[in-house]
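J.: All chains, full assembly: derive it from the sequences and hints.
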Amino acid sequence: MQVENLCQVCQATFDRGDSFDAGFDPISVPIRHPDRTTVRRELKDGDDKIEPSVWDVKFDYFEYNMSFPKRGIFLIFDQENFDYGLQQRVGSKLDRIVLEETAIKLGFTPNVCHDYTKDDVYAELRKISQMNHSQYDCFACAILTHGEEDEMVYAKDDSMKLKTLISRVSATECPSLAGKPKLFFVQACRGKEISQPAICTTACLKRQQVQSDSIPDVDSEETPKIPAEADILVAYSTQPGQVSVRNEYTGSVFVQTMCAALKQRGGELELVQLLTRVNRNIALTFETNMCSPKFDKKKQMPSIVSQLTAELYFRPKDT
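62 is the number that UniProt numbering gives to position 62 of the sequence shown; each next residue is one higher, with no gaps.
It is possible that some hints are incorrect.
Below, simulated SDA-like cross-link-like pairs (lysine to any residue); rule was C-alpha separation at most 20 Å, straight line [said to hold, decoys possible]:
#1 K156 to V90
#2 K163 to M152
#3 K156 to A123
#4 K163 to R126
#5 K105 to R315
Derived DEER-like restraints, expressed as beta-carbon distance ranges [to be verified]:
#6 S134 to C291: 47 to 55 Å
#7 Q135 to K161: 26 to 34 Å
#8 A198 to D120: 35 to 43 Å
These are computed hints drawn from the structure, not numbers from a lab.
Note that CB positions come from ideal geometry on N, CA and C, so glycine has one too.
T.: So this is what it looks like as C-alpha coordinates:
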(Lines of atoms letter the chains of each structure in order from A and count residues from 1; the text may use other names and numbers.)
(Lines give C-alpha, C1' and ligand atoms only; values in the text may rest on other atoms or scores of the structure.)
Protein backbone atom coordinates (compact mmCIF):
# COMPACT_ATOMS: atom_id res chain seq x y z
CA MET A 1 0.00 0.00 0.00
CA GLN A 2 1.36 3.41 -0.93
CA VAL A 3 1.86 6.07 1.70
CA GLU A 4 -0.45 8.31 -0.34
CA ASN A 5 -3.37 5.97 0.39
CA LEU A 6 -2.73 5.45 4.09
CA CYS A 7 -4.93 8.25 5.31
CA GLN A 8 -7.87 7.16 3.13
CA VAL A 9 -7.66 3.74 4.79
CA CYS A 10 -7.58 5.29 8.25
CA GLN A 11 -10.43 7.68 7.44
CA ALA A 12 -12.59 4.87 6.05
CA THR A 13 -12.51 3.15 9.43
CA PHE A 14 -13.30 6.25 11.49
CA ASP A 15 -16.83 6.46 12.87
CA ARG A 16 -18.68 8.83 15.20
CA GLY A 17 -16.40 8.65 18.19
CA ASP A 18 -13.86 11.35 17.50
CA SER A 19 -12.77 13.38 20.51
CA PHE A 20 -10.10 15.92 21.37
CA ASP A 21 -6.88 15.49 23.35
CA ALA A 22 -7.36 18.77 25.23
CA GLY A 23 -7.57 19.57 28.92
CA PHE A 24 -9.39 22.72 29.18
CA ASP A 25 15.51 33.12 26.70
CA PRO A 26 17.94 30.27 27.20
CA ILE A 27 21.36 30.22 25.56
CA SER A 28 22.57 27.20 23.62
CA VAL A 29 25.52 25.43 25.16
CA PRO A 30 27.88 24.32 22.38
CA ILE A 31 29.47 20.91 22.66
CA ARG A 32 32.13 19.13 20.69
CA HIS A 33 31.20 16.33 18.36
CA PRO A 34 33.86 14.30 16.55
CA ASP A 35 31.71 13.33 13.55
CA ARG A 36 31.05 16.89 12.40
CA THR A 37 33.46 19.11 10.52
CA THR A 38 33.24 22.84 9.91
CA VAL A 39 35.39 24.55 7.36
CA ARG A 40 36.42 28.01 6.28
CA ARG A 41 36.54 28.98 2.66
CA GLU A 42 39.93 29.69 1.17
CA LEU A 43 40.94 33.35 1.28
CA LYS A 44 41.07 35.07 -2.06
CA ASP A 45 43.38 37.91 -3.01
CA GLY A 46 42.26 41.06 -1.25
CA ASP A 47 40.22 39.32 1.45
CA ASP A 48 41.07 40.60 4.88
CA LYS A 49 38.61 38.54 6.88
CA ILE A 50 36.50 35.43 6.78
CA GLU A 51 32.77 36.07 6.65
CA PRO A 52 30.47 33.47 8.20
CA SER A 53 28.40 31.64 5.61
CA VAL A 54 26.30 28.50 5.41
CA TRP A 55 28.44 27.55 2.42
CA ASP A 56 31.46 27.34 4.72
CA VAL A 57 29.93 24.45 6.68
CA LYS A 58 30.14 20.85 5.58
CA PHE A 59 29.27 17.53 7.18
CA ASP A 60 31.51 14.52 6.61
CA TYR A 61 28.31 12.53 6.15
CA PHE A 62 24.94 14.06 5.38
CA GLU A 63 23.23 11.02 6.90
CA TYR A 64 23.18 10.12 10.56
CA ASN A 65 25.30 7.12 11.43
CA MET A 66 22.70 4.40 12.03
CA SER A 67 25.16 1.50 12.08
CA PHE A 68 25.64 1.18 15.83
CA PRO A 69 24.91 -2.28 17.32
CA LYS A 70 21.43 -1.30 18.54
CA ARG A 71 18.74 1.10 17.30
CA GLY A 72 17.88 2.59 20.68
CA ILE A 73 15.17 3.02 23.31
CA PHE A 74 11.63 4.04 22.29
CA LEU A 75 9.68 5.39 25.27
CA ILE A 76 5.89 5.42 24.95
CA PHE A 77 4.10 7.54 27.55
CA ASP A 78 0.43 6.56 27.27
CA GLN A 79 -1.66 8.76 29.56
CA GLU A 80 -5.18 7.35 29.38
CA ASN A 81 -6.58 8.03 32.86
CA PHE A 82 -6.24 11.11 35.06
CA ASP A 83 -6.75 11.90 38.74
CA TYR A 84 -8.50 15.22 38.20
CA GLY A 85 -11.12 16.65 35.88
CA LEU A 86 -9.77 15.44 32.54
CA GLN A 87 -11.71 12.91 30.49
CA GLN A 88 -10.43 9.41 29.95
CA ARG A 89 -8.63 9.15 26.62
CA VAL A 90 -10.63 6.24 25.24
CA GLY A 91 -8.93 4.69 22.21
CA SER A 92 -5.40 5.61 23.27
CA LYS A 93 -4.65 1.92 23.77
CA LEU A 94 -4.87 1.44 20.01
CA ASP A 95 -2.20 4.09 19.47
CA ARG A 96 -0.02 2.54 22.15
CA ILE A 97 -0.24 -0.88 20.51
CA VAL A 98 0.60 0.36 17.00
CA LEU A 99 3.49 2.47 18.32
CA GLU A 100 4.96 -0.54 20.09
CA GLU A 101 4.62 -2.62 16.91
CA THR A 102 6.24 0.15 14.86
CA ALA A 103 9.11 0.54 17.32
CA ILE A 104 9.89 -3.17 17.08
CA LYS A 105 9.60 -3.09 13.28
CA LEU A 106 12.18 -0.28 13.12
CA GLY A 107 14.54 -2.11 15.48
CA PHE A 108 13.90 -0.11 18.66
CA THR A 109 13.50 -1.51 22.15
CA PRO A 110 10.06 -0.22 23.23
CA ASN A 111 9.34 0.77 26.83
CA VAL A 112 5.65 1.44 27.53
CA CYS A 113 4.87 3.79 30.43
CA HIS A 114 1.15 3.67 31.17
CA ASP A 115 -0.61 6.36 33.24
CA TYR A 116 2.57 7.73 34.81
CA THR A 117 2.52 10.52 37.38
CA LYS A 118 4.59 13.64 36.79
CA ASP A 119 7.31 12.35 39.12
CA ASP A 120 7.27 8.99 37.31
CA VAL A 121 7.74 10.70 33.94
CA TYR A 122 10.65 12.79 35.20
CA ALA A 123 12.23 9.75 36.85
CA GLU A 124 11.98 7.72 33.64
CA LEU A 125 13.61 10.49 31.60
CA ARG A 126 16.29 10.89 34.25
CA LYS A 127 17.07 7.18 33.83
CA ILE A 128 17.36 7.70 30.09
CA SER A 129 19.69 10.68 30.51
CA GLN A 130 21.97 8.69 32.82
CA MET A 131 22.22 5.72 30.46
CA ASN A 132 25.16 5.09 28.17
CA HIS A 133 23.78 5.37 24.63
CA SER A 134 27.14 4.89 22.92
CA GLN A 135 25.97 1.61 21.34
CA TYR A 136 22.63 3.07 20.17
CA ASP A 137 21.75 4.88 16.94
CA CYS A 138 19.25 7.28 18.48
CA PHE A 139 16.45 7.82 21.00
CA ALA A 140 12.69 8.11 20.43
CA CYS A 141 9.74 9.02 22.63
CA ALA A 142 5.99 9.14 22.00
CA ILE A 143 3.71 11.15 24.29
CA LEU A 144 -0.01 10.34 24.16
CA THR A 145 -2.00 12.61 26.44
CA HIS A 146 -4.15 15.70 26.87
CA GLY A 147 -2.54 19.03 26.13
CA GLU A 148 -3.08 22.77 26.13
CA GLU A 149 -1.49 25.94 24.81
CA ASP A 150 2.08 26.92 25.70
CA GLU A 151 3.37 23.38 25.16
CA MET A 152 1.60 22.01 28.24
CA VAL A 153 0.96 18.26 28.46
CA TYR A 154 -0.55 16.17 31.25
CA ALA A 155 0.66 13.32 33.41
CA LYS A 156 -1.80 11.34 35.52
CA ASP A 157 -1.68 13.84 38.37
CA ASP A 158 -0.27 17.13 37.07
CA SER A 159 0.71 19.18 34.03
CA MET A 160 4.21 19.32 32.55
CA LYS A 161 6.05 21.57 30.12
CA LEU A 162 6.94 19.63 26.99
CA LYS A 163 10.10 21.70 26.67
CA THR A 164 11.23 20.44 30.07
CA LEU A 165 10.71 16.82 29.05
CA ILE A 166 12.67 17.27 25.82
CA SER A 167 15.50 19.04 27.60
CA ARG A 168 16.11 15.94 29.75
CA VAL A 169 17.72 14.20 26.77
CA SER A 170 19.54 17.18 25.27
CA ALA A 171 23.24 16.87 24.51
CA THR A 172 24.20 18.58 27.76
CA GLU A 173 21.92 16.42 29.92
CA CYS A 174 22.74 13.19 28.09
CA PRO A 175 26.24 13.45 26.56
CA SER A 176 26.14 9.95 25.06
CA LEU A 177 23.26 11.11 22.82
CA ALA A 178 25.21 14.14 21.56
CA GLY A 179 25.13 14.22 17.77
CA LYS A 180 22.50 11.47 17.64
CA PRO A 181 18.83 11.90 16.68
CA LYS A 182 16.38 12.48 19.52
CA LEU A 183 12.82 12.06 18.25
CA PHE A 184 9.54 13.03 19.92
CA PHE A 185 6.06 12.21 18.62
CA VAL A 186 3.31 14.12 20.44
CA GLN A 187 -0.37 13.19 20.22
CA ALA A 188 -2.05 15.94 22.24
CA CYS A 189 -4.08 19.09 21.79
CA ARG A 190 -2.17 22.37 21.67
CA GLY A 191 -5.14 24.68 22.25
CA LYS A 192 -8.89 24.88 21.69
CA GLU A 193 -9.16 26.16 18.12
CA ILE A 194 -10.59 24.01 15.31
CA SER A 195 -8.88 23.84 11.92
CA GLN A 196 -11.35 24.98 9.27
CA PRO A 197 -11.38 23.48 5.76
CA ALA A 198 -10.31 25.66 2.84
CA ILE A 199 -10.58 25.22 -0.91
CA CYS A 200 -7.35 24.42 -2.75
CA THR A 201 -7.16 24.42 -6.55
CA THR A 202 -5.75 21.39 -8.33
CA ALA A 203 -2.93 23.52 -9.69
CA CYS A 204 -1.45 24.07 -6.24
CA LEU A 205 -1.43 20.32 -5.62
CA LYS A 206 0.69 19.49 -8.65
CA ARG A 207 4.27 18.52 -8.08
CA GLN A 208 6.67 21.38 -8.52
CA GLN A 209 10.02 21.18 -10.27
CA VAL A 210 12.90 22.08 -7.99
CA GLN A 211 16.54 22.75 -8.64
CA SER A 212 19.30 21.98 -6.19
CA ASP A 213 22.25 24.18 -5.35
CA SER A 214 25.07 21.86 -4.43
CA ILE A 215 27.39 22.78 -1.60
CA PRO A 216 31.02 22.57 -2.70
CA ASP A 217 33.23 20.14 -0.83
CA VAL A 218 35.90 21.81 1.28
CA ASP A 219 38.49 20.18 3.48
CA SER A 220 38.56 20.88 7.19
CA GLU A 221 40.97 20.54 10.05
CA GLU A 222 38.81 22.04 12.80
CA THR A 223 36.85 20.27 15.53
CA PRO A 224 33.36 21.79 15.65
CA LYS A 225 30.90 22.55 18.39
CA ILE A 226 27.15 22.02 18.12
CA PRO A 227 24.25 23.55 20.09
CA ALA A 228 22.81 21.46 22.89
CA GLU A 229 19.42 21.63 21.15
CA ALA A 230 20.72 20.15 17.90
CA ASP A 231 19.57 16.78 16.53
CA ILE A 232 16.05 16.98 18.02
CA LEU A 233 12.84 16.46 16.06
CA VAL A 234 9.33 16.94 17.43
CA ALA A 235 6.41 15.72 15.33
CA TYR A 236 3.15 17.17 16.66
CA SER A 237 -0.28 15.83 15.82
CA THR A 238 -1.59 19.37 15.33
CA GLN A 239 -0.71 23.06 14.97
CA PRO A 240 -0.07 25.44 17.90
CA GLY A 241 -3.36 26.59 19.42
CA GLN A 242 -5.44 23.84 17.83
CA VAL A 243 -7.12 20.64 18.98
CA SER A 244 -6.03 17.12 18.06
CA VAL A 245 -8.52 14.38 17.22
CA ARG A 246 -8.58 10.86 18.65
CA ASN A 247 -11.16 8.19 17.81
CA GLU A 248 -12.22 5.74 20.50
CA TYR A 249 -12.61 2.91 17.96
CA THR A 250 -9.57 3.44 15.74
CA GLY A 251 -7.11 5.60 17.68
CA SER A 252 -5.77 8.94 16.46
CA VAL A 253 -5.41 9.69 12.75
CA PHE A 254 -1.92 11.13 13.35
CA VAL A 255 -0.43 8.15 15.18
CA GLN A 256 -2.17 5.54 13.02
CA THR A 257 -1.16 7.16 9.72
CA MET A 258 2.39 7.87 10.86
CA CYS A 259 2.93 4.33 12.12
CA ALA A 260 1.52 2.81 8.91
CA ALA A 261 3.95 4.94 6.91
CA LEU A 262 6.92 4.10 9.15
CA LYS A 263 6.21 0.37 9.01
CA GLN A 264 5.81 0.36 5.23
CA ARG A 265 8.37 2.95 4.07
CA GLY A 266 10.54 3.72 7.10
CA GLY A 267 13.41 1.69 5.71
CA GLU A 268 13.62 3.63 2.44
CA LEU A 269 12.28 7.16 2.97
CA GLU A 270 14.15 9.82 4.93
CA LEU A 271 12.25 10.58 8.15
CA VAL A 272 11.36 14.23 7.50
CA GLN A 273 10.33 13.34 3.95
CA LEU A 274 8.12 10.55 5.29
CA LEU A 275 6.52 12.81 7.91
CA THR A 276 5.88 15.42 5.22
CA ARG A 277 3.92 12.82 3.27
CA VAL A 278 1.97 11.98 6.41
CA ASN A 279 1.21 15.70 6.79
CA ARG A 280 -0.04 15.86 3.22
CA ASN A 281 -2.25 12.78 3.55
CA ILE A 282 -3.92 14.03 6.71
CA ALA A 283 -4.27 17.57 5.36
CA LEU A 284 -5.95 16.46 2.13
CA THR A 285 -8.09 13.50 3.17
CA PHE A 286 -8.95 13.66 6.86
CA GLU A 287 -12.11 15.28 8.24
CA THR A 288 -13.54 14.97 11.73
CA ASN A 289 -16.63 12.80 12.14
CA MET A 290 -18.54 14.14 15.13
CA CYS A 291 -22.18 14.53 16.08
CA SER A 292 -21.92 18.26 16.79
CA PRO A 293 -22.11 20.39 13.59
CA LYS A 294 -19.64 22.78 15.22
CA PHE A 295 -16.93 20.11 15.23
CA ASP A 296 -18.00 17.90 12.31
CA LYS A 297 -16.14 17.90 8.96
CA LYS A 298 -13.24 19.93 10.33
CA LYS A 299 -9.57 19.47 9.50
CA GLN A 300 -6.33 18.70 11.33
CA MET A 301 -2.81 19.75 10.33
CA PRO A 302 0.18 18.00 11.92
CA SER A 303 3.41 19.91 12.44
CA ILE A 304 7.07 18.95 12.17
CA VAL A 305 9.66 20.93 14.13
CA SER A 306 13.08 19.67 13.11
CA GLN A 307 16.47 20.56 14.49
CA LEU A 308 18.04 17.54 12.85
CA THR A 309 21.39 18.24 11.21
CA ALA A 310 21.49 15.30 8.79
CA GLU A 311 19.14 12.95 6.99
CA LEU A 312 17.73 10.04 8.96
CA TYR A 313 16.92 6.61 7.52
CA PHE A 314 15.71 3.56 9.45
CA ARG A 315 17.31 1.03 7.15
CA PRO A 316 17.14 -2.56 8.45
CA LYS A 317 20.15 -3.69 10.42
CA ASP A 318 22.18 -6.68 9.29
CA THR A 319 21.35 -9.77 11.30
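J.: Which earlier hints turn out false for this structure, listed by number in ascending order?
T.: none
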